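**Q** UniProt numbering numbers the first residue of the sequence shown as 1 and each following residue consecutively.
Each hint should be verified, as a subset may be incorrect.
Said to hold, decoys possible - Label-pair restraints from in silico Cβ distances:
id: 1; residue 1: N234; residue 2: Q154; range: 39 to 47 Å
id: 2; residue 1: I65; residue 2: E270; range: 39 to 47 Å
id: 3; residue 1: A134; residue 2: A265; range: 28 to 36 Å
id: 4; residue 1: I207; residue 2: I65; range: 40 to 48 Å
To be verified - Derived lysine-lysine pairs resembling DSBU-like cross-links, with alpha carbons at most 35 Å apart:
id: 5; residue 1: K217; residue 2: K152
id: 6; residue 1: K276; residue 2: K152
id: 7; residue 1: K59; residue 2: K152
id: 8; residue 1: K121; residue 2: K146
id: 9; residue 1: K276; residue 2: K121
id: 10; residue 1: K161; residue 2: K217
id: 11; residue 1: K146; residue 2: K161
id: 12; residue 1: K121; residue 2: K59
id: 13; residue 1: K146; residue 2: K217
id: 14; residue 1: K255; residue 2: K217
id: 15; residue 1: K217; residue 2: K121
id: 16; residue 1: K152; residue 2: K121
id: 17; residue 1: K255; residue 2: K59
Read the hints as simulated data drawn from the structure, not as lab findings.
Treat the numbers as computed from the prediction; the structure is a model and nothing was measured.
Every residue gets a Cβ at the ideal spot worked out from N, C-alpha and C, and that includes glycine.
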Amino acid sequence: MGLNSGQWDQSTSVSIALEVANYKGVTESRRNLNSISTSASNLSSPTLQAALTDTIVFKMPHSPINPAILYWGTPVVLITTTNEDDTSNISPISSAFWLGDHCMLGLSAHSQTTTNLQRTKQCVLNLPSDDMTAAINALACTTGTKDIPAGKAQRGYRFEKDKFSVAGLTEQASERVVPPRIRECPAQMEAEVVGIYEMMRDGPEAISGALLAIEVKVLRTYVEDRLRLGGYENRVDPLAWRPMIMSFQHLFGLKDGKPEESTLARIDEELYRLPK
Numbered sequence: 001m002g003l004n005s006g007q008w009d010q011s012t013s014v015s016i017a018l019e020v021a022n023y024k025g026v027t028e029s030r031r032n033l034n035s036i037s038t039s040a041s042n043l044s045s046p047t048l049q050a051a052l053t054d055t056i057v058f059k060m061p062h063s064p065i066n067p068a069i070l071y072w073g074t075p076v077v078l079i080t081t082t083n084e085d086d087t088s089n090i091s092p093i094s095s096a097f098w099l100g101d102h103c104m105l106g107l108s109a110h111s112q113t114t115t116n117l118q119r120t121k122q123c124v125l126n127l128p129s130d131d132m133t134a135a136i137n138a139l140a141c142t143t144g145t146k147d148i149p150a151g152k153a154q155r156g157y158r159f160e161k162d163k164f165s166v167a168g169l170t171e172q173a174s175e176r177v178v179p180p181r182i183r184e185c186p187a188q189m190e191a192e193v194v195g196i197y198e199m200m201r202d203g204p205e206a207i208s209g210a211l212l213a214i215e216v217k218v219l220r221t222y223v224e225d226r227l228r229l230g231g232y233e234n235r236v237d238p239l240a241w242r243p244m245i246m247s248f249q250h251l252f253g254l255k256d257g258k259p260e261e262s263t264l265a266r267i268d269e270e271l272y273r274l275p276k
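Could you put the whole structure together from the sequences, leaning on the hints where they help?
**A** Here you go:
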């Protein structure tokens with residue numbers, strides 16, 4: 001801009017900030033935003049920096065879109081179940097959330113995992129860490145169903161009987177359920193099915209009942225010792241745990257450290273424990 005940071009005064013800062021506020025192309029690309037942010041961070045004037053930051057925050061418009069998927073970012077879960085011939089199946093999913101000691105799983109009504117869950121009512125929820133990309137990718141386009149459903153066939157899925165070998169993973173005996181745990185996964189939860197609910201019953205006939213929400217109850221949780229929070233018997237250290245996150249089909253890890261302090265983190269975790 002022709003001036004070094006020591007030459008900025010408040011009036012100059014306000015003037016430049018107003019020019020930036022009138023910049024019509026500020027939302028055209030991330031490159032423009034990064035350029036403006038970098039310029040602001042290199043200047044000593046708090047007024048200018050604040051004005052530029054406010055401009056960037058409030059000049060971003062919202063517009064309607066219609067995404068085919070709404071995977072905003074959830075942990076990858078490797079579900080292990082038992083096939084009818086007593087072999088094991090692994091299914092990678094990211095449609096999962098937990099409330100108390102229960103978990104809700106979003107699954108295709110025609111998947112091998114769903115078939116196994118309906119028959120045995122048992123599974124293990126294995127949580128991979130963010131360094132297990134190779135195993136997850138090896139499983140991503142596989143199915144344990146010999147007659148591949150049309151939707152999966154269209155997406156390039158293939159039948160694989162031995163998912164553990166395909167992914168280079170190791171079976172680990174469970175204690176409360178028949179399906180095995182995955183030794184390489186730092187967190188594992190043995191669980192049983194307590195409810196199965198049809199989804200999208202309000203949709204067209206072609207998809208009504210095609211997806212299921214399967215509720216499972218966690219019976220026992222295991223974590224690698226390095227994940228245990230010192231000084232507590234039953235807590236996980238959030239700074240040590242690095243889950244694999246799937247966001248819009250892409251895999252991500254968590255960056256090191258906490259970005260900000262959490263108000264909720266001030267609440268004792270035991271206050272969330274459900275009565276038995």
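**Q** Compare the structure with each hint and give your call.
**A** Hint-by-hint comparison with the structure:
1. N234 x Q154: 39 to 47 Å: holds, 45 Å
2. I65 x E270: 39 to 47 Å: For E270 against I65, whose Cβ atoms are near 42 Å apart, the range 39 to 47 Å holds.
3. A134 x A265: 28 to 36 Å: holds, 33 Å
4. I207 x I65: 40 to 48 Å: violated, 21 Å
5. K217 x K152: holds, 28 Å
6. K276 x K152: violated, 41 Å
7. K59 x K152: This hinted pair is violated, its Cα atoms lying about 41 Å apart.
8. K121 x K146: holds, 21 Å
9. K276 x K121: With Cα atoms ~21 Å apart, K276 and K121 stay inside 35 Å; holds.
10. K161 x K217: holds, 27 Å
11. K146 x K161: Distance of about 8 Å is within 35 Å: holds.
12. K121 x K59: violated, 51 Å
13. K146 x K217: holds, 29 Å
14. K255 x K217: Holds: K255 and K217 sit about 30 Å apart, inside 35 Å.
15. K217 x K121: holds, 10 Å
16. K152 x K121: Holds. K152 to K121 sits at ~24 Å (cutoff 35 Å).
17. K255 x K59: holds, 27 Å
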